[in-house]
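The numbers in this note's numbering rise by one with no breaks, and the one at position 103 of the sequence shown is 103.
Just so you know, these hints were derived from the structure itself, not from any lab.
Check before you lean on any hint, since a few could be wrong.
Unchecked claim - When the alpha-carbon atoms are kept at most 30 Å apart in a straight line, the in silico DSBU-like pairs for lysine-lysine are as follows:
1) K319 / K215
2) K215 / K256
3) K29 / K167
4) K256 / K304
5) K70 / K143
6) K167 / K70
7) K285 / K319
8) K285 / K304
9) K215 / K29
10) K215 / K167
11) K215 / K228
12) K228 / K285
13) K228 / K29
14) K167 / K256
15) K285 / K215
16) K285 / K29
17) K319 / K304
18) K143 / K228
19) K167 / K143
20) K228 / K256
Stated by the list, open to error - Simulated restraints, written as ranges between beta carbons of each label pair:
21) E196 / T103: 42 to 48 Å
22) F49 / K228: 44 to 50 Å
23) A106 / S226: 39 to 45 Å
All C-beta atoms, glycine included, are put in the ideal place defined by N, C-alpha and C.
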Amino acid sequence: MAAYSLACLSLLACDNTPTPTASVEVANKGVLSAALSDQGNYAVIGSIFEGGSLWRLTDNERLYDWNHAKDERSTIESAAFSTDGRWAATATTHTIVFWSLETGQAARFWNAPAEVLDIALTPAGDYALLGLVDGTAVMFDIKRGGIVRTFRHDNRVRKVGLSADGKIAITGSEDRTAVVWDVSTGNAIHTFNHTEEVQMVAITNDGSKALSAAKYDRAVIWDLTSGKALREVPLAGNMVKRGLRFTAARFSADGKQLLTGRPDQIVQLWQVDNMTLTQQWRLPKRDTLQPSGAAVVAVAFADKHFVAVAANGFVHTLK
Numbered sequence: 001m002a003a004y005s006l007a008c009l010s011l012l013a014c015d016n017t018p019t020p021t022a023s024v025e026v027a028n029k030g031v032l033s034a035a036l037s038d039q040g041n042y043a044v045i046g047s048i049f050e051g052g053s054l055w056r057l058t059d060n061e062r063l064y065d066w067n068h069a070k071d072e073r074s075t076i077e078s079a080a081f082s083t084d085g086r087w088a089a090t091a092t093t094h095t096i097v098f099w100s101l102e103t104g105q106a107a108r109f110w111n112a113p114a115e116v117l118d119i120a121l122t123p124a125g126d127y128a129l130l131g132l133v134d135g136t137a138v139m140f141d142i143k144r145g146g147i148v149r150t151f152r153h154d155n156r157v158r159k160v161g162l163s164a165d166g167k168i169a170i171t172g173s174e175d176r177t178a179v180v181w182d183v184s185t186g187n188a189i190h191t192f193n194h195t196e197e198v199q200m201v202a203i204t205n206d207g208s209k210a211l212s213a214a215k216y217d218r219a220v221i222w223d224l225t226s227g228k229a230l231r232e233v234p235l236a237g238n239m240v241k242r243g244l245r246f247t248a249a250r251f252s253a254d255g256k257q258l259l260t261g262r263p264d265q266i267v268q269l270w271q272v273d274n275m276t277l278t279q280q281w282r283l284p285k286r287d288t289l290q291p292s293g294a295a296v297v298a299v300a301f302a303d304k305h306f307v308a309v310a311a312n313g314f315v316h317t318l319k
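Working from the sequences, and respecting the hints, build out all of it.
Here you go:
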């Protein structure tokens, strides 16, 4: 794939920006939250008015309605899959449900220790890393209940991420820091400072690299061995000044590529070693929805293609 020029990084997409090759509607009034499995074959959708649901994307089938109370259409604020593909978790502001993908049934229901802003699961789904409004991230035993580890910030923890083995965590906070943690000890390994609140973090499967990004500030790829910045995502200056941010980010399984989504409908694929933009797509708007934007809510690498969930209620296949 040919690299894009920096001119294509502006708020206005280039005229030849590709669009999805296939799309499926998963929420007719829009999506509040979404999570995609590691292989991009399942999606948890938290719709605005229709509650939660699990979708199998290989045949675009809605498998289960996932709500936190009987006869309720729950407002799912965040969701996550375990890397073994057996479990998922959904969170409203104050409740967490642990789901079996095999049966579609709720295995556990918990009251959250504080308002949940983001969630990630360990490989076998034994623990959930929760980003909380009280300025902490906690490792929560989602099968037996209780907090087993607390990671402290000075303001709300907006985003969390885990390495594939669950041993390294990253948290992004409104205190303008992203912190990398040793999960077994609870000790901070690295602290990365930004000039504004951190709104996106991501970590490679092997825990060797991470992304932190803040509004009105830079987006950086970090070496987690040395703690040094490897590369900055080459965002155009006008994008930074206008506060354009990443609303989704994910590394490929081998850590060599980074897939990002923005609120202006743009999905981008980056080569991590030199931060070259190798592909870019624009997601379509839904004309009947007001507002009619299509902010990118979640992204994933799938078999020979990419997947993106848009806030206007569609899951898109990108090639």
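Evaluation of the provided hints:
no. : hint                    : result
1   : K319 / K215             : holds (29 Å)
2   : K215 / K256             : holds (24 Å)
3   : K29 / K167              : violated (38 Å)
4   : K256 / K304             : holds (15 Å)
5   : K70 / K143              : holds (21 Å)
6   : K167 / K70              : violated (36 Å)
7   : K285 / K319             : holds (19 Å)
8   : K285 / K304             : holds (25 Å)
9   : K215 / K29              : holds (27 Å)
10  : K215 / K167             : holds (28 Å)
11  : K215 / K228             : holds (21 Å)
12  : K228 / K285             : violated (39 Å)
13  : K228 / K29              : violated (43 Å)
14  : K167 / K256             : holds (20 Å)
15  : K285 / K215             : holds (24 Å)
16  : K285 / K29              : holds (13 Å)
17  : K319 / K304             : holds (8 Å)
18  : K143 / K228             : violated (36 Å)
19  : K167 / K143             : holds (18 Å)
20  : K228 / K256             : holds (18 Å)
21  : E196 / T103: 42 to 48 Å : holds (43 Å)
22  : F49 / K228: 44 to 50 Å  : holds (46 Å)
23  : A106 / S226: 39 to 45 Å : holds (43 Å)
Against the hints set out earlier in the document, violations occur for numbers 3, 6, 12, 13, 18.
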